[in-house]
Amino acid sequence: MTDDDIEMVVAYVRPDVLSNVKQAIANAGAPSLTVTKVSGRGSQPVKTEQWRGEEYTVDLHEKAKVECVVADVETQRVVDAIADAAHTGEKGDGKIFVLPVASAVQIRTGKTGPDAV
Amino acid sequence: MAVPAGVADGINTVWALVVAFLIFFMQPGFALLESGQVRAKNVGNVLMKNVTDWTVGVLAYFVLGYGLSSVLASLTSGAAIGTPFAYFGDPGGWVTWLVGAVFAMTAATIVSGAVAERMNFPAYVFVAVVMTAVVYPVATGMTWGGGLLAVNANGPDGYIARVVGAGYLDFAGATVVHMLGGVAGLVGAWFVGPREGRFDASGDSHPIPGHSMLLAVLGTLILAFGWYGFNVGTSAIYGADNTLLSAQLGRVALNTTLGMGAGAVAAMVVSARRQGKPDPLWTANGLLAGLVAVTGAVLHVTWAGGIVLGALGGALVLPTYRFVVDALRVDDVCGVFAVHGMAGAVGTVLIPVFATSGFSATQLAMQVVGVAVIGAWAVVGSGATFWVADLLFGLRVSPEEEEAGLDASEHGVAAYPEFTGGGSPDSQPVSADGGYAGGDGDD
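Heads up: the protein sequence lines correspond to chains A and B, in order.
Here the numbering used here is used: the first residue of the first sequence is 1321, the next is one more, and so on.
Here the numbering used here is used: the first residue of the second sequence is 56, the next is one more, and so on.
Honestly, I wouldn't trust all of these hints.
Said to hold, decoys possible - Part of the chain A face toward chain B, derived, beta carbon under 7 angstroms:
#: 1; residue: W1371
#: 2; residue: G1373
#: 3; residue: E1374
#: 4; residue: F1417
Said to hold, decoys possible - Simulated pairs of lysine-lysine, DSS-like, Cα-Cα distance not exceeding 30 angstroms:
#: 5; chain 1: A; residue 1: K1385; chain 2: A; residue 2: K1357
#: 6; chain 1: B; residue 1: K332; chain 2: A; residue 2: K1367
#: 7; chain 1: A; residue 1: K1431; chain 2: A; residue 2: K1385
#: 8; chain 1: A; residue 1: K1411; chain 2: B; residue 2: K332
It is worth saying that the hints were derived from the structure and are not from the lab.
C-beta: ideal position from N, C-alpha, C; glycine also.
The shape of chain A in the complex, shown without the other chains:
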C-alpha cells in the first residue's frame, strides 16, 4: 500500500451504535463520513410483528451504512475503530468492507487525489 492509495471503508452497523462509531472514527483521525439509513439481511434472526393480532415477519433489519474514504490515515485503524465501537457480540452487529477508490475530487477547491480526501 502506497501513500497514494485511497480506500473506502463501508460499514453496516446497528443504528443505536452510530454515535459511538462516529466518535471512534473521529478519534482514529478520519472525521469525514457519510451515513445512510438502510435495511438488510444477515445472520440476525427475523423479527415478528403483528397487526390486529395477525403475525408477520420482517427479515430486513434497519441498519446504518457508514462510508468513510481514507487516504492519509491507515485504513486498518479506521476498520478496527468501527469494529470495536459497533461490537455487541449479538447477531446483527453488521459487517465492514474496504473498497479501492480510483480517484477523488474535492468540489470546492478542485483538488484531486489524496489531497481531495
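Following the hints, position chain B against chain A.
Using the frame of chain A, we list chain B on its own:
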C-alpha cells in the same frame, strides 16, 4: 325552574348548532382513523372518500333524504303523508335539518372504512349518495321519524310497534346510525371482495398492516370528542315546559363517558389475553365500540348499565373481527362491523335489562325486533345499492390499479410523495426535493 320560552328556545337552538358542529368534527376523526389503517399508497383515496361522502351526502340528504324519512314514517304507521318536503321553504326548521344531516353523514362515512384500498371511486360516490338519500332516511323514518317501530303521542303508532306493544328505544342512534353503517360496510366489503393478498389460495388470512398507528389512534380520540355531541347533544338543554333537563343531561354525559372507558379497558384486556400484550389499535377500537354500545342506551340505563354495555361492546370487538375474517372470509379493513355493527346491536338489545325504569319483557321483545328490522333493512338496502353500483360503475379497481395504489391510479396523486414514489414499486419516484422527477427520454 322554568325560564321564559324565548330563553329556552334560544339556548336549545345554540346547543343544537354547537352539537352539529361537534358531530361534524367526527368526520376528521373518521378520516384519520381510516387512513391510519390503510397502506400509504391508498391514503389520498381514503381521504377523498371521507371528504366526498360528506359533501355529496349533504346535498343528497337535503334534496331527498330528509323528506323521504317523513314519507317513510307516514307509510309505515298509517299516518297522513302531509307535506314532507315543506322544509325547503321553512328556514325555522333548518337547524333541525343540519342536526339530522350530521347524523346521516356519520352513517355514510362508516362504510368507507370497510371497503378501503380496492373500491372503484365513482361506485363509492354512488353508494354514498344512496346511503344518505335513501338507506339512512328509511331507518330514521322507521324509528325517530315515528314510523314502523315507533310509538307516537300525536298520531298512529308504527305497524310493528302496535303489534309488540312498545316503542323501539335507540336514543342517539347506536343502531339507526352505527349498526346501519357497520352492516352496510360488511355487506359492501363482501360485495367488493378482499384486497389482493389478504387471503391466500387456501383461504388463510395474511395481515396487511396500516401505515400509521398514530393517525388511527388520534382519529379515535377526535371521534370520541365529537361523540359527546352525538350522544349528549341528542338531549335538549330545556324541556317542553322550559325547565332545565339537568338529570337527563347528566345521565347521557356520564353514560357516554363510562361506556367509552369500559369499552377501551375491556378491549385492552381481551387483546392482552389473546395476543400476549395490550394492543393500541384494539384498545382504540374498543373505546369506539364502548361508545357505540351505549349510544342507544345513554338516556335509558343506570350508570352501572352504561359500564356493562360499554364493556360488552369493547370485549366483543376482537372476537367479532376474527369471526368476520376467519368464518365469513370478508375483508372489513377497519373492522367497522365489529366496532359499529355488533356493539350497536348488543348495546341496544340489552337496554331493558339495565333500564332505570326496571326490566320489561315487552320492551326487550321490541328491542330484538327493532334491531332485526333495522339490521335486515341495512342488509337489503345497502346490498341493493352495492349491486346497482356494480352494474353502473364496477365495484372493483383493476388488479394493476390496486397494486399501484388508489392514490396514483384513481386520483393521480401521492399522499406522501417522498415516501411512496409514484405508487408502483417499479415506477420512477416523484421527487419533491429537487431530484429526478421522471418524464421521457432520460434513460
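Structure-inconsistent hints, enumerated in ascending order: 4
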